[in-house]
Structure formats: structure tokens, C-alpha cells
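**Student:** If you read the protein sequences in the order shown, they are chains G and H.
Note that my numbering has the first sequence beginning at 38, numbered continuously upward.
Note that my numbering has the second sequence beginning at 11, numbered continuously upward.
Hints listed in this document are in silico derivations from the structure and should not be mistaken for laboratory results.
Watch out, some of these pointers could steer you wrong.
Okay, the calculated beta carbon distance ranges per label pair [said to hold, decoys possible]:
no. : chain 1 : residue 1 : chain 2 : residue 2 : range
1   : H       : D56       : G       : A93       : 18 to 24 Å
2   : H       : P75       : G       : V265      : 55 to 61 Å
3   : G       : P255      : H       : E79       : 30 to 36 Å
4   : G       : D70       : H       : L92       : 45 to 51 Å
Distance condition first, Cα-Cα at most 25 Å in a straight line; then the derived DSS-like pairs of lysine-lysine [to be verified]:
no. : chain 1 : residue 1 : chain 2 : residue 2
5   : H       : K91       : G       : K262
6   : G       : K103      : H       : K91
7   : H       : K55       : G       : K131
8   : H       : K59       : G       : K103
9   : H       : K68       : G       : K132
10  : G       : K166      : G       : K131
11  : H       : K59       : G       : K55
12  : G       : K132      : G       : K166
13  : G       : K204      : G       : K145
14  : G       : K72       : H       : K55
15  : G       : K262      : G       : K199
Residues on chain H that point at chain G, a partial pick, calculated with CB under 10 Å [stated by the list, open to error]:
no. : residue
16  : V18
17  : G25
18  : S30
19  : V32
20  : M33
21  : R38
22  : V48
23  : V49
24  : A50
25  : L52
26  : L53
27  : A66
28  : Y71
29  : T81
30  : S82
31  : I87
For each residue, glycine too, the CB sits at the ideal point set by N, CA and C.
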Amino acid sequence: MFGHTTIGADVAGGLSAKLSLPLVSSVRTLTSDAKFISQICGGKIMAEGDLPSPTALVTMVPGGTKTEEGQSAQSPAIETFAAPALDNLRVALKKYIEPEAGDVDIAKEQFLVSVGRGIQLKDNIEMAKELAAALGAQVSASRPIVDQGWLPTSRLVGKSGKRVKPKVYLALGISGAPEHVEGMGESDTIIAVNTDPNAPIFNVAKYGTTADLLELVPALIEKAKQAV
Amino acid sequence: MSQDIFVVIEHLRGGVADISYVMLAAARSLAQGTGGQVVAVLLGKDAQKLAGDLAADKVLYGDSPALAEFTSEAYQIALAKLI
Chain G
38 MFGHTTIGAD
48 VAGGLSAKLS
58 LPLVSSVRTL
68 TSDAKFISQI
78 CGGKIMAEGD
88 LPSPTALVTM
98 VPGGTKTEEG
108 QSAQSPAIET
118 FAAPALDNLR
128 VALKKYIEPE
138 AGDVDIAKEQ
148 FLVSVGRGIQ
158 LKDNIEMAKE
168 LAAALGAQVS
178 ASRPIVDQGW
188 LPTSRLVGKS
198 GKRVKPKVYL
208 ALGISGAPEH
218 VEGMGESDTI
228 IAVNTDPNAP
238 IFNVAKYGTT
248 ADLLELVPAL
258 IEKAKQAV
Chain H
11 MSQDIFVVIE
21 HLRGGVADIS
31 YVMLAAARSL
41 AQGTGGQVVA
51 VLLGKDAQKL
61 AGDLAADKVL
71 YGDSPALAEF
81 TSEAYQIALA
91 KLI
């Protein structure tokens with residue numbers, strides 16, 4: 038039995054393939070007569086079935102039982118087994134990446150200036166920050182920018198980042214991949230700036246322009262400053 | 011033996027993840043039917059202390075420097091040996 042988590046699903050899936058064992062995923066409840074109730078389609082459907090026997094792998098989602106029920110004041114007996122030789126592993130942990138503590142919560146912001154690959158250079162991030170400051174907005178980003186380390190993970194919008202819903206979302210040089218749109222598609226007003234007229238971001242944008250953001254942003258900063 | 015429920019304890023940076031306790035509780039209800047034991051499987055490096063509050067009949071503990079931090083590969087190799 039594994040957690041239906043990044044760790045558990047990774048290990049259980051691999052073991053299932055390696056040992057040709059059945060894997061029942063996203064299980065919420067197990068009964069004493071070996072029936073399971075599994076949450077599928079992101080929890081929209083509950084599937085019921087019998088656990089395959091004699092050996093099956095299961096990944097569990099939280100909700101079926103309480104954590105306290107799995108805790109005990111009494112320490113269980115510990116039996117040590119010899120771990121097999123674990124040499125020549127192909128994967129090793131290099132470092133933990135911590136989310137920036139104390140940074141703004143972009144999910145709560147009403148106005149985001151969001152940058153994507155189209156910003157081209159790290160130095161150009163400053164331009165976006167300047168525009169955000171002039172507009173009273175915060176800076177957020179799509180995946181490539183965070184992967185480059187140009188902005189911290191706390192600023193990431195999308196499937197693997199934050200889900201945001203500001204009044205205004207200004208997308209600068211963001212193509213609008215489904216993973217990104219999942220995190221910002223419900224914003225009230227989306228304004229897209231992208232030189233590629235076929236970029237999917239224009240499908241969700243209310244306003245859009247194919248102007249080059251590197252020319253547009255300095256002009257916008259000027260206008261914003263004049264307006265104050 | 012085949013009726014025992016093995017629960018792989020998930021832990022990260024010195025703390026047991028809540029999902030581990032959720033699983034132990036679920037394993038308990040399943041074990042009531044099978045008549046087997048709830049066996050917590052803990053992998054790590056000098057991590058025995060994490061077993062302290064697990065509601066299991068027994069903890070199987072595997073220790074190795076390669077298990078100090080989670081990697082899917084090391085876990086799979088170690089667990090394949092137990093199944």
C-alpha cells in the first residue's frame with residue numbers, strides 16, 4: 038500500500054510494471070471483505086471493485102480514514118531487514134528547492150503582469166517588474182522563466198504552480214500552453230502580448246496584440262508613469 | 011503471510027507524511043477481514059525513530075545510505091525484494 042502522492046505513485050507504478058502486479062490507484066476506502074472504492078477522473082467518479090488477489094498494489098488518497106486512527110501511543114516492534122545493494126543508482130537527490138517564504142501570494146493579487154519565454158533575457162525581467170510597479174501589479178511567470186531561475190517558484194502560474202484569478206492578467210510573451218491556461222484561464226480580463234498570432238494564449242485573451250513586448254513594455258511604463 | 015498488508019511509510023526530511031497514518035488505518039480495516047497483520051515498511055538511513063507512533067503490528071525497517079533521501083529507483087529495488 039502506497040500513498041497516492043508524487044512519491045507513492047512513482048514507486049507503485051514502477052513496481053507494478055517491474056513485478057507484473059496489478060495496481061489499484063486513488064483508493065479512498067478499503068473494507069474488511071477486500072472491496073475498494075476508488076476515486077477516478079479527478080474524483081468525479083467513484084469506482085467500486087474487489088481487490089485482485091493474492092498480491093496487489095494499492096495507492097491511497099486521503100479522506101477515507103483519519104490520520105489519528107493510524108497513530109498509536111505504543112511503539113510497534115521493529116524488525117530490520119537487510120536492504121539490497123543500492124549501488125549505481127541512476128537518480129540522486131541534488132538539493133531541495135524551497136518555496137520563497139514571505140513572498141507575495143500571487144493567488145490573492147488582483148492584477149498580474151506575467152512573463153513567459155518571450156521575455157528572452159533575464160535582464161528583461163526588470164522591465165516587467167518596473168511595469169508591474171508602475172501599474173500597482175505583481176509579477177508572475179510561466180514555467181520556462183521559473184525553470185531558468187529568473188523568478189522564484191512562488192511566482193509560477195499553472196498546473197504545477199499557483200491557480201490565479203486576478204481582475205487583470207497581462208500575459209507578456211506567454212504562448213498559453215494548456216498547463217499554463219489551467220492556472221489562469223478564469224482571470225476576469227486576460228490581455229495577451231505575443232508576436233506569434235497563432236499562440237493559443239489569444240484563445241483565452243479578451244484583448245491581444247502581436248506587438249513585440251520589448252518595444253511595448255517600455256512604452257507602457259512611460260504611459261503608466263504619466264498617468265499617475 | 012500473503013494475507014498481511016504492507017504499508018509503505020512515506021516520510022520526507024525527518025517527518026512521517028500524514029498519508030502514512032491514513033494508510034495504516036485503512037490497512038487495519040482490511041486486515042480485520044484477512045486476519046493478517048498490518049506491517050509498516052520503513053526505508054531510510056538512521057530513521058528508526060520515525061516508527062515510534064505508527065499503528066502497525068510490526069515495522070519492517072530497511073537501512074541504507076542510499077535510502078537517506080527518497081529516490082523512486084532505490085525504493086523500488088528495496089521493495090521488490092520484500093514482495
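**Student:** Each hint needs a verdict: does it hold in this structure or not?
**Tutor:** Each hint, compared with the structure:
no. : hint                       : in the structure
1   : H:D56 / G:A93: 18 to 24 Å  : violated, 32 Å
2   : H:P75 / G:V265: 55 to 61 Å : holds, 59 Å
3   : G:P255 / H:E79: 30 to 36 Å : violated, 46 Å
4   : G:D70 / H:L92: 45 to 51 Å  : violated, 25 Å
5   : H:K91 / G:K262             : violated, 66 Å
6   : G:K103 / H:K91             : violated, 30 Å
7   : H:K55 / G:K131             : holds, 17 Å
8   : H:K59 / G:K103             : holds, 22 Å
9   : H:K68 / G:K132             : violated, 33 Å
10  : G:K166 / G:K131            : violated, 31 Å
11  : H:K59 / G:K55              : violated, 31 Å
12  : G:K132 / G:K166            : violated, 28 Å
13  : G:K204 / G:K145            : holds, 10 Å
14  : G:K72 / H:K55              : violated, 35 Å
15  : G:K262 / G:K199            : violated, 29 Å
16  : V18                        : holds, 5 Å
17  : G25                        : violated, 13 Å
18  : S30                        : holds, 7 Å
19  : V32                        : holds, 5 Å
20  : M33                        : holds, 5 Å
21  : R38                        : holds, 7 Å
22  : V48                        : holds, 9 Å
23  : V49                        : holds, 9 Å
24  : A50                        : holds, 7 Å
25  : L52                        : holds, 8 Å
26  : L53                        : holds, 7 Å
27  : A66                        : holds, 5 Å
28  : Y71                        : holds, 5 Å
29  : T81                        : holds, 5 Å
30  : S82                        : holds, 4 Å
31  : I87                        : holds, 6 Å
Of the hints listed earlier, those the structure fails to meet are numbers 1, 3, 4, 5, 6, 9, 10, 11, 12, 14, 15, 17, in rising order.
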